[in-house]
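> For this one, chain A is given, so just place chains B, C and D on it according to the hints.
There are 4 protein chains.
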Amino acid sequence: MHERAYQLFEAQQTERGIDVQQVKEKIKALAIETPSWGYGDSGTRFKVFKKVGVPRDPFEKISDAAVVHRLTGACPSVAIHIPWDKVDDYDKLSKHAKELGVRIGGVNPNVFQEEEYMLGSITNADPVIRRKATNHLLECVDIAKAVNSDIVSLWIADGTNYPGQGDIRKRKHWLHESFAEVYQALPDDMRMLIEYKFFEPGFYHTDLADWGMAYNVANQLGPKAQVLVDTGHHPQGTNVEHIVAYLLDEQKLGGFHFNSRKYADDDLIVGTSNPYELFLIFYQIIDALQDADAGVRQTAENIAYMIDQSHAIEPKIPAMIRSILNVQTQYAKALLIDLNKVRKAQEAQDVLAAEQAVREAFEFDVNPLLQTIREEMGLPLNPMQAYLDSSYPEQILERGIGGASW
Amino acid sequence: MHERAYQLFEAQQTERGIDVQQVKEKIKALAIETPSWGYGDSGTRFKVFKKVGVPRDPFEKISDAAVVHRLTGACPSVAIHIPWDKVDDYDKLSKHAKELGVRIGGVNPNVFQEEEYMLGSITNADPVIRRKATNHLLECVDIAKAVNSDIVSLWIADGTNYPGQGDIRKRKHWLHESFAEVYQALPDDMRMLIEYKFFEPGFYHTDLADWGMAYNVANQLGPKAQVLVDTGHHPQGTNVEHIVAYLLDEQKLGGFHFNSRKYADDDLIVGTSNPYELFLIFYQIIDALQDADAGVRQTAENIAYMIDQSHAIEPKIPAMIRSILNVQTQYAKALLIDLNKVRKAQEAQDVLAAEQAVREAFEFDVNPLLQTIREEMGLPLNPMQAYLDSSYPEQILERGIGGASW
Amino acid sequence: MHERAYQLFEAQQTERGIDVQQVKEKIKALAIETPSWGYGDSGTRFKVFKKVGVPRDPFEKISDAAVVHRLTGACPSVAIHIPWDKVDDYDKLSKHAKELGVRIGGVNPNVFQEEEYMLGSITNADPVIRRKATNHLLECVDIAKAVNSDIVSLWIADGTNYPGQGDIRKRKHWLHESFAEVYQALPDDMRMLIEYKFFEPGFYHTDLADWGMAYNVANQLGPKAQVLVDTGHHPQGTNVEHIVAYLLDEQKLGGFHFNSRKYADDDLIVGTSNPYELFLIFYQIIDALQDADAGVRQTAENIAYMIDQSHAIEPKIPAMIRSILNVQTQYAKALLIDLNKVRKAQEAQDVLAAEQAVREAFEFDVNPLLQTIREEMGLPLNPMQAYLDSSYPEQILERGIGGASW
Amino acid sequence: MHERAYQLFEAQQTERGIDVQQVKEKIKALAIETPSWGYGDSGTRFKVFKKVGVPRDPFEKISDAAVVHRLTGACPSVAIHIPWDKVDDYDKLSKHAKELGVRIGGVNPNVFQEEEYMLGSITNADPVIRRKATNHLLECVDIAKAVNSDIVSLWIADGTNYPGQGDIRKRKHWLHESFAEVYQALPDDMRMLIEYKFFEPGFYHTDLADWGMAYNVANQLGPKAQVLVDTGHHPQGTNVEHIVAYLLDEQKLGGFHFNSRKYADDDLIVGTSNPYELFLIFYQIIDALQDADAGVRQTAENIAYMIDQSHAIEPKIPAMIRSILNVQTQYAKALLIDLNKVRKAQEAQDVLAAEQAVREAFEFDVNPLLQTIREEMGLPLNPMQAYLDSSYPEQILERGIGGASW
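Chains as they are written, first to last, in this note's numbering: chain A, 8 to 413; chain B, 8 to 413; chain C, 8 to 413; chain D, 8 to 413.
Looking at chain A on its own, in the form it has when it is part of the complex (with noise of 0.2 Å):
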């Protein structure tokens, strides 16, 4: 029945002016980065539940993403944090990826986890502290060289949690002088995306509050220096796609990391919670792409793609394989907007015709295109289904219980 409903589709959106070979190949060529860490165990503060069959090593992280990437041809890449995915030998990590069919994507320092950092970082009044981190966002330079990525994301978990605990404006200075060391480093092709944190761990203050901090210093710093938005890092009533506009339009908007959330940084399946909101980023997104600006469309270009989720109850495989579905039905709806249609009704202040412009490709199903394409791809119509029916959910049983976690 798809075949049929497909061809309903393509009529009904090539009526509507829609370029739908156009529309195919974007999504085709839409890459959504995985990260090695959303295969192991997690968990919230009152419990990491065990699961059997999580990976125990990085090697066996990057298998489960090649099987993702294989049954969704979404997932060309692997993110890896540093030092959970330490490993001797990156060369061998990076053939062993190549081998399966993907490779080494963004590379995500953790200056979180050691008894040292709990009162901060780079941050930290201790210049000793700070020292070690600034070295350790070093390594990860030098690491993501070893496996030719060409991006270091930095989550700095940095913050306090009692009014008085810091000095904020010594504490900014800090951090301000580690990224600069940190930039000074990157090679020419690399660029160092900033993520920022509305709260958590830090209660108090998070040194990377919001987009602004983020951005004023990817603005000193210059244009390798980038945000990264994570859609679960904001205050509850923010309108997360107009950051993305706003960052696009000063191009510095570096890439996301998907999930969802209801309240805090629940870091659930990505499209979950409000589907909405993920289509209006990307219809931001779609529209810069159109931007009379050639820095502004290259900007929208080089967006990095990249799940960032805690799945703590859900079989690990499949909550990523959801996730890439659901990023791909948004972002196959955006590209259904009749973008003119938008512009003329906006133009004309027509405020229900150009709301109702937006939100009608919403309500289009976009199944019949997406099975269309993974058939033209050669891939499994249904990628969830094709991965409950292969034996690799069996065959991973083997590593037992107590994987790698976080």
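There may be inaccurate statements among the hints.
Just so you know, same-sequence chains aren't split out, so a pair can sit in one copy or run between any two.
Stated by the list, open to error - Lysine-lysine pairs mimicking BS3-like chemistry, simulated, CA-CA at most 25 Å apart:
#, residue 1, residue 2
1, LYS105, LYS152
2, LYS139, LYS54
3, LYS348, LYS31
4, LYS348, LYS177
5, LYS351, LYS139
6, LYS93, LYS57
7, LYS139, LYS57
8, LYS99, LYS152
9, LYS177, LYS351
10, LYS139, LYS93
11, LYS139, LYS152
12, LYS93, LYS152
13, LYS152, LYS102
14, LYS348, LYS33
15, LYS231, LYS152
These are computed hints drawn from the structure, not numbers from a lab. Quantities reported herein were computed from a predicted structural model and do not represent experimental measurements.
Using the frame of chain A, we list chains B, C and D on its own:
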């Protein structure tokens, strides 16, 4: 200098028509329960920082709690958490407490840290797991009897992460059924306090999400079931003191878990984030103590005040002492409200005068009062300094690292 | 093309086991009340923008509402607001409605726009003002009788701006007393729906702040008192569908005020901010319609669906049509949920399958279905276009500027 | 008794190492601007309550502001809003102010109360409207020159209500263009302060949504453009003092609009909702006044403190007096922080000691200090009582009802 300060304070308050003697008696009578788990290691989902000197078993936790009581005179009981504080011989534990000048207070079951509870405990779709969870609640009633406690304090961490994951109405029924069974098991002089929480660890829905759900089930159960208000378990912008006043009026306020927060359930030291809120909570309680209805007055008199914090980065015992001092400070200030003045302004519909009549009490410095009270009770004037100057901080170092945690 | 699309839709759904005929009947039976005040000028506190063609009196408001019903077939009744819609002869107003194919629905008292109500209406410290306000509520019961309506819908805007300003417990008692008097006056077949609101216009506390307070008073009054859920009246992060399910289970959900919001009580067109939330609300209702308990089923069947928006910048009638279409869309999608599939996955504790079973229904394009239904009902396929193409928009221009507003 | 209290206070603070003389001088030097519109009627979207005695024109507003200054000694300037305060002869207005002992301060344009601005002013898709709006901003620069003011304070109420309604990036460009034109028109000694707001009246997006957007445009414009922080314009859970510290460090904090709120932009009397927040804001400012960088110190010295409230239910002049007293109280407390002690604890990484070093200052009763200062300045000890006892409240009754409102 504090004598001179106290003399002035007494003169000032007497002039305002405040019965300082009565205020002093009330402050001396304020009992705040500290939680055994507040003396162990804790953290965020990102990291539990390990401290040297943390108690290694329930006996040592009670020893620490007894030190806090010895220094503040305000913490005669200690809440326990089962199975964290499970022992073979509860009589021995009770005696240990008694010898140290304290007693065991509220018994808190734990239905969130076993693998079976991943998708719910008493609301789990699997009847075997529900049975196990209810049995654990019943066990806690038995333990409460064994330790001569009159409170079982129930936080059910059940919830779901996604729309559709659970059958919301069925889960409600299961929860009510389980609670009914527990209620039946309560001896006449024991209360069950029902805690609610807006989010976490369930991110899509928590089965007891707000005071209304806790109140409704308590109401259906009977007079021995009451609501427990954790000050950090509300959505942003909530008027917590309104809920307190409402529950008092319905004679269903059973107790508090005190802590503070800025964004989510941060579990910081009570009174550090918005001390005025704590003051306003006490204002409602003190006002209810003068209610025309004896039932309301009695409810207010029987409130169980408990600390429930997760101070992850501070030394444990000092953090607890600070919490107690902060609660005393706000309680003392609230006792300085001239309620007649407030009520007259309310009746005269004088908004500014009514607001000012409440807030002027908040502006007084109650340190001289609290110091004088401590002097009269034979306590150190500055319990924090007395602790730091004592041999206890050094003494506990021999416990080493890696004590109890949650 | 919509016939072809509908054929495909029917085939798809039949294959999924959905009884499309039944779905169509249910959608045809969905009645959504529009509010008379939704046709007048409105705005924010900063500015009410005046539009040409806005109705000048209650008769013209009903005429506009009748147009919306004529085009959508879904809005057979019109809510009125007293005194905004006060007329000398309610019989005449009812006949006017009847002639235009609609009837008068819920009667809404207004106790917030007279100078006396500045510090409260039925909770005012002044008994004379309380009497006046209660009398107005009773007058609305009489008006409801006069217009043959069976619903009085109560939003009490009372609250305070400052701590201490009002006596929270006394105000609660006064509110309960007033409602008890109204309840006594209700004829057997009339319901009073009690609305709650988290904030505004009272900024410190609102006397009916949440569903729990509305539920509690409704419970104490009796079966003719129920709770009304306004989708915009909750704190950020609230799971509204949970409250819906909870109230259904307690047989206390009386109706809805639909609208949407991003931050506060924005009163935007329903379904424009987070359409998935509306879908999930309908999921809970449809699920409850199959409950084992006849009382729960009956409650779900008798829900009063009402629009309550303040679309300040859009043309009024088109904004209302859009609202109706959005509600129909999400209701139709929710009817496509395979409830058996959901329940099986819930029982099997398969988190991903259960979530997906709910969300897959959201992904279908229900436009072909809705168009076919309209065709079968003799309605325009596209009610919005039909309106814009009609002579009505021009016709109302003769009303000039400066019509009704709130 | 206050002399005795002050003597004790002085002794206590001197013992703590605080230079009381310096504290007194700083408090005496604190100037807080009151807004002309704060003396007129205001309300919520539901109702503007009309009060007897409200000023009928700009001259009477300034008279009222002068009374507040006469009683508090802290409000030497009055902000004006154009066109609300438009007069034919600004020289006459300035002289009127001078005669009464005050002067005209910040000039605030109004680009939200004309029909043309419904869909935006300087970001409107229509260039004619943008031109009109920018001309109004330029007019305000001229008025500022005419009244010898050095501040133009810009709140642009532009935003959209729905996704797709406006072109976010284009609107950003239009806003920047308009501001650039205004910047060019500024004389050397005039600053433009750029205000941001998270929501309202635009509910989907506001064009200047947060400090980051205001900062970015100010940065691109140059040193005469700075950010204005309205304490009520942030999402829930925001650490406002962090933003303050950040902007100070970047030398871009220009001023404040003080008020308080519990949920949205409630515009209540400053210091009534969470007084500790105001204290913590002043702590950051006072700390920055000792910064090593002269630019940071100078920025902190030049902050323009302004009240911006919409007290709808209170008598106007008393509400303003209360606001001033509340700001003085928190400023005075912040001046009692022993900054050396805080910094030592920060350096020693002693979390509890650092928090306590800040909060202990908040606990002091500064009333004796403020009363002594008033005595020394020849002001009434209790400005509120002095006002109520004066003939002014009765005198203004002759103005009748229906004065200025917004």
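> Okay, which hints does this one fail, numbers in order?
none
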